[in-house]
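Asker: Position chain B relative to chain A; hints supplied.
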Amino acid sequence: MLPMRSLLPPLLFTLAYAGISLGVTNSYYQLILTLVPVWAVFGLSWNLLSGYTGLISFGHAAFFGIGAYATALGQIYFNISPWLLIPIAAMLGGIAGLLIGFPTFRLQGHYFALAMLAYPLAILYVFEWLGFQEVTLPIKRDAPIAYMQFADPHIYTLLGLALMLATIVLTQVIERSRFGMALLAIKQNEAAAEAAGINTLAWKLRAITLSGAIAAAIGGFYAQVLLVVTPASVFGMLVSAQALTVAMFGGVGTVWGPVIGSVILIPLAEILHAEAGARIPGIQGVIFGLAIVCVILLAPEGLFWKLRDLWRKRTASKTDVSDRPEAAATNVTTLKPASQQRTATGEVVLEVRSLSRSFGGLKAVQDVSFQLHKNEILGIIGPNGAGKTTLFNLLNGFLKPSQGEVLIDGRNMSGQRPHVICEAGIGRTFQVMRPFLRMSILDNVVVGAYVRARTEDQARQFAADAVARVGLSAVAHRVAGELSTKELRLMELARAVAGQPRILLLDETLAGLGHGEADEVVAVIQQLARDGMTIAIIEHTMQAMVRLVDRFLVLDHGAVITEGLPEVVTRDNRVIEAYLGKKWAGHAAN
Amino acid sequence: MTAKSKITISRRTLLAGAAGALIASRAWAQQPAEVKVGLLVPISGLYARPGTVMREGAEMAVDHINAQGGIKALAGAKLKLVVLDSGDTTEKAKNAAQRMVAQETDLVAASGAYLSSFTLAVTEVTERANLPVLTLSYSDLITDRGFKYVFQTAATAGSQARQALPQIIKLAETASGKRPKTVAILTDNTGASIASAKAMREGLLAENQLQLIVDETFTPPLADATSLVQKIRSAKPDLLFFLPTVISDAKLLLEKMNEFGLGQGKIPTISFGIAIAEPDMLQTVSPELLQGVLTCVASWGAKGHEALIAELKTRYKEPWMTQNAISTYGDMWVIKDALEKAGKADRVAVGEALRTMDAGPSKYYPLGEIKFDEKGRRVGAGMTIVQWQAGVPVTVFPPQLALAQPFWPKN
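Top line first, the protein sequences correspond to chains A and B. By numbering that gives the first Met the number 0, the letter at position 71 of the first sequence is numbered 70, and the numbering carries on one by one without gaps. By numbering that gives the first Met the number 0, the letter at position 123 of the second sequence is numbered 122, and the numbering carries on one by one without gaps.
Among the clues, some could well be false.
Claimed, not checked - With a straight-line Cα cutoff of 30 Å, these simulated DSS-like cross-link-like pairs (lysine-lysine) come out: (1) K485/A to K373/A; (2) K374/B to K139/A; (3) K139/A to K370/B; (4) K35/B to K71/B.
To be verified - Looking from chain B toward chain A, a few residues come up when the C-beta cut is under 7 Å (computed): (5) L80; (6) D84; (7) T89; (8) R98; (9) S116; (10) A120; (11) E123; (12) L140; (13) Q162; (14) N188; (15) G190; (16) K362; (17) L366.
Read the hints as simulated data drawn from the structure, not as lab findings. Ideal Cβ positions, reconstructed from N, Cα and C, are used throughout, including at glycine.
Looking at chain A on its own, in the form it has when it is part of the complex (with noise of 0.2 Å):
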C-alpha cells in the first residue's frame, strides 16, 4: 500500500490546484484550468506504458479518440449519460490497448513506435468513412447534471482535478509494487527482465490495457468539455504529440512529469495564443516551440529530473562529509583460500545433450553436452567467439536450440520462454551491466526477487538478504548511479541471487575488475556456493577462475574441447593452441 508519505504530495498539489481554482472567475481561465489537467491525465496514461517500459508510443490518440467518440456517439444513439459512459470508454480503451498490444508488442523500438504512430491514423480515416466528421453532444436543458452538462464550469475543472488524483494515485501505487518494477525492467533491458523471471509481454500488455483505459477515459471527458468530436481533434496527430510533449518536458518515468508538463504547457501555448497571436498571427506556433526545443536541450529527460539532480547535488555535497567514511567501509568478507569445505555432490542439476544451435552457416555451438553437478562451480571458458555467451543464452531460454536438450532436474526444459526457466531455478548475470541508476540497490536488487516472492514484502526481505549475500548491506540504499564498477557487479549478482535459484549463470563477472577487487568478487562466489549454489561461469581471466572453480569446460568453435580438474585443462596442449595458436602449445609442451 502507498505510504501517507507519498500520497501527501499530489493530494496538496490537487486542493491547492481546486483552491487556485475556485478563486477563478473568468470562464476563459478556467477552461485552462479543466485542459490542464485533462493534459496531464493523458500525459500519465502515456507515460505509464511508454516512460515505464521506454516503448515510446506515438499513437495514444487512438485510445483517446475511442474515449471521445464512445461518450459522445453513446449520448447520441442510446441516451446513456456520460457518467456511465466515461467508465464505458475507460473498458473500450482497455479493450483496444490490448488489441493493439498483442501484434505490436512484436516490435521494438524504433518499429514499436512507428507502428503505434499507425493506429490513431488509421481510426481516424475509418471514422471519417463512417460519416462521424462532426459530432455534437446533444444539449440536455432538462437534466444537466445527470449528463455532465454544468453551467458552473468550475465543476469540469474540479472534475478533471478528481481524474488527476486518481490517475496519480494509481501511477504511485503501480511505481512501488512488482508491476512497476517489471515495467522498469523492461526499460533497462528486456531480455534481462525476462531472464529475472519477469514475463514481460503479459506486464507490457497489463501496461498498454491499463494506459489505454485511462486515456479512453480522459477521452471521453475531454469531449464532455469541448463538447464537439471531430476525428483530427481527438484522433490527430497532434494529440497524440500532446502526449509526448507534456510527458517529455516534465519528466519521463515520473508521475510528476505529465503534471509539470502539462501545468507549464497548457497555458503558456494559450497565452501565447492570446497574446503574442494576436500582434502576429501564428508566432505563438514558433515561440511555444523553441521553447520546448531549449528545456529539451538542456534538461533531456524532462524538468522533473533536471530539478531533482539540481537538488540532490545540492544536499549531497552537505551530508557529504558525514556520509563517505562510512560508504567507504563495504564489508566484504575477506579472501580465504580456495576451500573445498563444500562437498559436490553426484547430484546432476542440470544436463546438457548434443546441444547445438547455427546462425546460418555459423555452427556458434554444435553438439556440446555437459553435466552440473549439485553444488559444484563450473568454469566455461574458451578464446572470444568460442560460443560461451551463445551456450548461456541457450541454457536460460533466449536462443531456441537447433538441435539437443537442456535437462533441469530431469526436465527437458529447452525451447521455454526465459521467465519459464527462470522459475525454474535458473538466474544469471551479463556480460553488460544494465543497473537502473536512479534507484538504490536493495530497488535494483527487488526486481529480481518477484520471481519467488508473493508479496510485496517478501520481494523485499528476499533482496536485503541477497544483498547481504553479496556484502553491499552498508550501502544499500545508494543510488546505483553512483557505485563503482566493482559494486554494480555485486549487485547484479545480488539480483539474481534475489530470485532464490539453485543455479546461477554468471556470465564475465569478473570483467573490468582490478586485480583486489576480482578477489573481493570471487570471495562472494565461493560463499555462495559454499551455501549450496551451483554455479556456471564465463570468465576470460584465467588466474582468478583456477582459484575458483571445480572443473573446466573448455569452447572452441562451438563445440567442448576438453573438460576436467583445473590442473589438468591448464595443460592440455588443445587450449592452449586454442587461446595462444599452435606456435604456443609446442612451446608448453617443453
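Answerer: For chain B alone, coordinates are given in the frame of chain A:
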C-alpha cells in the same frame, strides 16, 4: 448569464459601469461611443488564408458603416471590430470562443468561424453566453441543435446541392442542346464534400434523372490521380462532379484530366465549394486548364458588388471576391441592421432583433431575404454558381446576380 458578467480585476476599472448586473450595462449602453463586434476566424495555421480574407471583408464593412454615420439608433455610435484567432484546431477555436465571451464582455454579436467543425465548437460557447453569431459555415448540423443565438447566412450543404443540380442541367441543356444523363462523382472525404455528395447520391441525382456511373471517394491529399481519371475515361460520363477541399488535389486532377485528353471541357467539370476557385489556384494551375470549370458556392462577389470587388482589389490586392470576403462583409451589415432594430448595444437584444428582423431582400448574400427562420437559417438563402472564364471565376448564376453569361464547354 453569469459567466460573461464576471470579469478580471485588470478590466474592472475599464468596465466598471458594465460589470455585474445586466441593468447596469443597459444603463451604460444608452450612449456608447462605440459598439464592439467580434470576428472569430483562423488567422494562423492551416486555414489562415481564408480567415484573413474574412477579416478583410469585415474591416471593409466596418469602415463603410462608420463612414455612413455608424449606428443611427445609438446616436451614431461607431462599430469596432474585435478580431480573435480561432487557430487551426477545434480545441483552439473553442478556447478562443471562451476567451471572447469571458474577456470581451461588451461584444454585441460576432461572426465566424470558417470551418463548420470550428463553428460547431464556437457556438457551443457563444450560445451559453447569449452571444449572437452569424456564420457562413453551411453544415446542416449547426442549426439543427435548437440553438437560439446562431444564424446561418448561407444555404445549408444539403440545400445547396438541391438548388444547384437543376440549374446545371438547364445550363447544359441550353448550351449543348442535349440533356446530360450520366454523372461521375469524385469526392474527398472531408465533412462538407461528404455532405454534398451524400445528398446527390441519396435522391437528388434520381430526382434529376441522372445516372451515377462512377462514384469514387478519396482521402486528401492525393498522391496520384491517374487511376481516378482512368475510371472516368473508360466510363465517359456526361458530367463530372468533383469535390476537392485541398487545392493541390484540384490541380492534380485537372492536370491529369488534360493529360488524358478529357480536360478543357471534354467532360464538363462541376465542383462544390471554394477550393477550386481560390486565388491560390492560379499559382499552380494555368488559366487554360481552368477555363470553363464550374463550382457551386454559398456566395460570391456578384452583380451589384462591383465597387466592393474593386475596393478589395486595390486595398488588399485580392484578385476577386470570394464567399469568405463577401459573406463576412454582409455579416457586419446584418449586425448593423439588428443594432438599429434593437436600439441598444446589448447582445440579448441584438439576438432578439436578429430572430425577428425582416430587412427585405438580401444585398450581399445570394437571393432570399435578411430574415431568419426558427432554426436560425436565412429565409430563401440561395447559392451561387461560379465559372472560370479567362483566368477569373465569375458569378454566372443566378441570372440576376450574374456578372457574365455561362458557357458550356464544347467538344
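Asker: What are the numbers of the hints that this structure violates, sorted from low to high?
Answerer: 5, 13, 16, 17
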